[in-house]
Amino acid sequence: MKIKVFNDSNNFTKVVMAIAAITIMPACSQVTSKDIQPIKIDGSSTVEPITQAVLKAYGEQPENKQIKNLTVEDDFSGTGGGFKKFCAGETDINAASRPISTQEMQACNKNQIRYVELPIAFDAITVVVNPRNTWTDTLTVSQLTKMWEPNAKNTVVRWNQIDPSYPDRRLNLFGPDKRSGTFDYFTQAIVGQAKASRSDYVFSEDDEALVNGVAQDPNALGYFGYAYYQQNQDKLKAVAINNGQGGVLPSPETVENNQYQPLARPLFIYVNAKRAQENRALEEFVEFYLKKVPELVTEVGYIPLPEEGYHIAEVQFQKFEVGTVFDGKPQIDLTIGEMLRKQAKFE
Numbered sequence: 288m289k290i291k292v293f294n295d296s297n298n299f300t301k302v303v304m305a306i307a308a309i310t311i312m313p314a315c316s317q318v319t320s321k322d323i324q325p326i327k328i329d330g331s332s333t334v335e336p337i338t339q340a341v342l343k344a345y346g347e348q349p350e351n352k353q354i355k356n357l358t359v360e361d362d363f364s365g366t367g368g369g370f371k372k373f374c375a376g377e378t379d380i381n382a383a384s385r386p387i388s389t390q391e392m393q394a395c396n397k398n399q400i401r402y403v404e405l406p407i408a409f410d411a412i413t414v415v416v417n418p419r420n421t422w423t424d425t426l427t428v429s430q431l432t433k434m435w436e437p438n439a440k441n442t443v444v445r446w447n448q449i450d451p452s453y454p455d456r457r458l459n460l461f462g463p464d465k466r467s468g469t470f471d472y473f474t475q476a477i478v479g480q481a482k483a484s485r486s487d488y489v490f491s492e493d494d495e496a497l498v499n500g501v502a503q504d505p506n507a508l509g510y511f512g513y514a515y516y517q518q519n520q521d522k523l524k525a526v527a528i529n530n531g532q533g534g535v536l537p538s539p540e541t542v543e544n545n546q547y548q549p550l551a552r553p554l555f556i557y558v559n560a561k562r563a564q565e566n567r568a569l570e571e572f573v574e575f576y577l578k579k580v581p582e583l584v585t586e587v588g589y590i591p592l593p594e595e596g597y598h599i600a601e602v603q604f605q606k607f608e609v610g611t612v613f614d615g616k617p618q619i620d621l622t623i624g625e626m627l628r629k630q631a632k633f634e
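Residue numbers (the working numbering): 288 to 634.
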């Protein structure tokens, strides 16, 4: 964790600007400075680019330019690590690349943490290889299972073990760590059980580190959120996924048309309802988030929800409708339409 104090609003780094901005209320607000409490955000590195874009837009508002004497905490510890803090009451918002789990629901309930669940986008978990990989453009789900299942540890270590036509070269794998919601979702979708994975791979909670690892190794394969591929297409090659209907590459169109399965999934923020009711700064920031996120999602590289989805989320937050529509269960093969039908429960 990093604690920083800033006295100059004109010299923010990206992260500083992002997190510092949320502690300041618009000058025109009726809330006085003594009523404003700092806001703490944690959670998914997949969602982080969206949150950073929203925070930057928030901080660029003219009424928020006078930022000084701020104490700021910033930490991104993955969906699971973030929920651990959120359900202990240590943070106000948890960014999540999967729905809250049963175990996390129990932890929140134990500590009397009530939360508002707000879908903000769709993602296409992207499997990537180095551009110098000339032997594979498409992988089946069963081939990915063979690579990543627990029994593959120290056993499936060469590319030609995946397909005899592939070269006899070392298979070097890169992926998220075990606190990641992307790790949870990918293992559930590909292996059939969340967190069931071989452990002999290069792991990191920093998606940029995974990008760089694959970009530097011609024998590498990795996976992470679609935005990180979008931002690094010049040094990565996306692999089409064959789920029985031929190879399908990740894209907004293949996600919207329900073709990119089983690796399309919703992204969320979870907001501490009591804190939002008590802290007008938090409430206004989340309202701003929901208004700005539709345009910023596309800029960052994810897939926006239909307008109806954001409308439902805004109404849900205005009413402080707490709980989850997922009952703590994994949501594999969920489509955008199914997501909207689940959301509509709150309207």
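These are computed hints drawn from the structure, not numbers from a lab.
Given the structure is predicted, the values throughout are model-derived calculations rather than measurements.
Among the clues, some could well be false.
[Said to hold, decoys possible] Keeping only pairs whose Cα atoms sit at most 30 Å apart, straight-line, the calculated DSBU-like set for lysine-lysine is:
#1 Lys482 <-> Lys371
#2 Lys579 <-> Lys371
#3 Lys522 <-> Lys433
#4 Lys579 <-> Lys482
Are Lys482 and Lys371 close enough, with their CA atoms no more than 30 Å apart? holds, 16 Å
Take a quick look at whether Lys522 and Lys433 sit within 30 Å of each other, Cα to Cα. Judged against 30 Å, a Cα distance of about 26 Å means the pair holds.
For the pair supplied as a hint, Lys579 and Lys371, is the alpha-carbon distance within the 30 Å limit? holds, 27 Å
Below or equal to 30 Å on CA atoms is what counts here, so check Lys579 against Lys482. violated, 33 Å
Violated hints amount to a single one, hint 4; each of the other numbered hints is respected by the structure.
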